[in-house]
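A.B. asks: Here the protein sequences come in this chain order: A and B.
Numbering follows our numbering, with no gaps: position 101 of the first sequence is 124.
Numbering follows our numbering, with no gaps: position 62 of the second sequence is 200.
These are calculated hints, taken from the structure and not from any lab test.
Some hints here could point you the wrong way.
Listing some non-contacts, in silico: residues in chain A with all C-beta distances to chain B over 12 angstroms [to be verified]:
hint, residue
1, Glu-41
2, Arg-73
3, Phe-88
4, Arg-108
5, Ile-135
The calculated DMTMM-like cross-link candidates involving lysine to aspartate or glutamate, where the alpha carbons are at most 25 angstroms apart (straight line), are [what the hints assert, rightly or not]:
hint, chain 1, residue 1, chain 2, residue 2
6, B, Lys-180, A, Glu-91
7, B, Lys-143, A, Glu-37
8, A, Lys-85, A, Glu-37
9, B, Lys-195, A, Glu-120
10, B, Lys-209, A, Glu-37
11, B, Lys-180, A, Asp-24
12, B, Lys-143, A, Glu-67
13, B, Lys-143, A, Asp-80
Distance ranges between label pairs, derived from CB positions [claimed, not checked]:
hint, chain 1, residue 1, chain 2, residue 2, range
14, B, Lys-180, A, Gly-82, 19 to 25 angstroms
15, A, Glu-106, B, Lys-196, 42 to 48 angstroms
16, A, Gly-51, B, Arg-189, 21 to 27 angstroms
Note that CB positions come from ideal geometry on N, CA and C, so glycine has one too.
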Amino acid sequence: DARVTQTPRHKVTEMGQEVTMRCQPILGHNTVFWYRQTMMQGLELLAYFRNRAPLDDSGMPKDRFSAEMPDATLATLKIQPSEPRDSAVYFCASGLEGGQPQHFGDGTRLSIL
Amino acid sequence: QQQVKQSPQSLIVQKGGISIINCAYENTAFDYFPWYQQFPGKGPALLIAIRPDVSEKKEGRFTISFNKSAKQFSLHIMDSQPGDSATYFCAASGTGANNLFFGTGTRLTVIP
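Isolated chain B, as found in the complex (with noise of 0.2 angstroms):
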């Protein structure tokens, strides 16, 4: 059973628009909700982190927010570069757990 859910699977987007990516959770005990970045031959490596006790976090161009009530949370990415061109993995993870919980991920193409 998927803890975390993504969508989309791939996501192709122009140069200088905004990209999305969402992420559902059903375990109401995850408390941290990290965004990971992969690149080909790559570990993932980690871009921004949320915890529930804000709606909205940014860092630079990426920015995640934060919907409690929904189970939800999705990343944005401001305009969107060719280097942003990677694979994107949303996570979770519990109250005094040390494991996270991945999502499927997401294939960013950023077009010139």
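Bound conformation, chain A alone (with noise of 0.2 angstroms):
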């Protein structure tokens, strides 16, 4: 069955440090989002990425956060440094041409100290 896989799922740190989180989208799929998750302001597109190429990435920080894809099988999210606001959970996901429907994984759980 396949799936999308993050790592890691919980992450626990100090506001300051650098935080890593990786995708491994479906095997296939060339389109590949990253989302935020918070009570307040839920789902929240974050980037996106086709053929591993930035499509949009207006949702996020420019100045802390970035979004990049080393390889057809793995898409990166940093945030260089890390703030307490940035606690929330991240998820990955991935989708064929066109995008949709959109495959999730079941996030990384950040918590910023």
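Two independent chains are provided; combine them into the complex using the hints.
C.D. replies: Here it is as structure tokens:
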């Protein structure tokens, strides 16, 4: 059963530290999305890629967040430096050409102290 | 600005009852309307989706009703079961676009 794999599942770190979250999209999917979920804002799109090229990262704070796809099997979301307000669950999703339907991973629960 | 508005925020239904969740949108360019189900500690999972060329789509106990003129769509869960207790999100996407705009979610509790 193909699925999106995210690591780590949980991360607790102190303010100012660098955080890297990883995502392995479903094999063959060429569109990858990063979302952030909080109680206050719900599900927000941070960025997405098609064929490893960033198409839209307007939802991402540029000064501290960066997203990359080093290869077709790995997407990364990095926060440097991290702040308490970055505490949230970060989801990766992948899809075929056109993006739909999107298949979500089980997320990385991030806590910044 | 919330592109997709969802209600109610929470819903309690007796086992065997009908659960109804409503969503509304403004952007007439939207042409894909999925519903996602999310259990605690898990990512959202696609439940059912509809495009505006039909007014209703049914899959098992789950039905989407779509009203293009009113720019509204709803999820109906028939014969609701305790296992349906989860958070449900509606979403919308436009032609040629990849990103989904999500509603704020409805926490459904089905009481045995």
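A.B. asks: All hints are to be evaluated individually against the structure, with a verdict given for each.
C.D. replies: Checked hints:
Glu-41/A, annotated as away from the interface, keeps every beta carbon of chain B farther than 12 angstroms; the closest lies near 24 angstroms. At roughly 7 angstroms from the closest C-beta of chain B, the C-beta of Arg-73/A falls inside 12 angstroms, breaking its exclusion from the interface. Here Phe-88/A stays apart from chain B, with its beta-carbon at least about 17 angstroms from theirs, past the 12 angstroms limit. The Cβ of Arg-108/A sits about 19 angstroms from the closest Cβ of chain B, beyond the 12 angstroms cut-off, so the non-interface label holds.
The Cβ of Ile-135/A sits about 20 angstroms from the closest Cβ of chain B, beyond the 12 angstroms cut-off, so the non-interface label holds. Distance check on the hinted pair: Lys-180/B and Glu-91/A sit about 24 angstroms apart at the alpha-carbon level, within 25 angstroms; holds. In summary, the hint linking Lys-143/B to Glu-37/A is not supported, as the alpha carbons are separated by about 35 angstroms, beyond the 25 angstroms threshold. As the CA atoms of Lys-85/A and Glu-37/A are separated by approximately 20 angstroms, the hinted pair is consistent with the 25 angstroms bound.
Note on Lys-195/B and Glu-120/A: the hinted pairing holds, with a Cα-Cα distance of about 24 angstroms set against a maximum of 25 angstroms. With a CA separation close to 45 angstroms, the supplied pair Lys-209/B and Glu-37/A exceeds the 25 angstroms bound. A C-alpha spacing of about 16 angstroms is found between Lys-180/B and Asp-24/A, which places the hinted pair at or below 25 angstroms, so the restraint holds. At most 25 angstroms may separate the alpha-carbon atoms for a hinted pair to count; Lys-143/B and Glu-67/A meet this at roughly 14 angstroms.
With a C-alpha separation of about 23 angstroms, the suggested pair Lys-143/B and Asp-80/A falls inside the 25 angstroms cut-off, and the hint holds. In this structure the hint that Lys-180/B and Gly-82/A lie 19 to 25 angstroms apart at CB holds, the actual value being about 22 angstroms. For Glu-106/A paired with Lys-196/B, a C-beta distance near 46 angstroms keeps the hint of 42 to 48 angstroms intact. As the Cβ distance of Gly-51/A to Arg-189/B is approximately 23 angstroms, the hint placing it in 21 to 27 angstroms holds.
In this structure, the earlier hints numbered 2, 7, 10 are contradicted, and the remaining ones agree with it.
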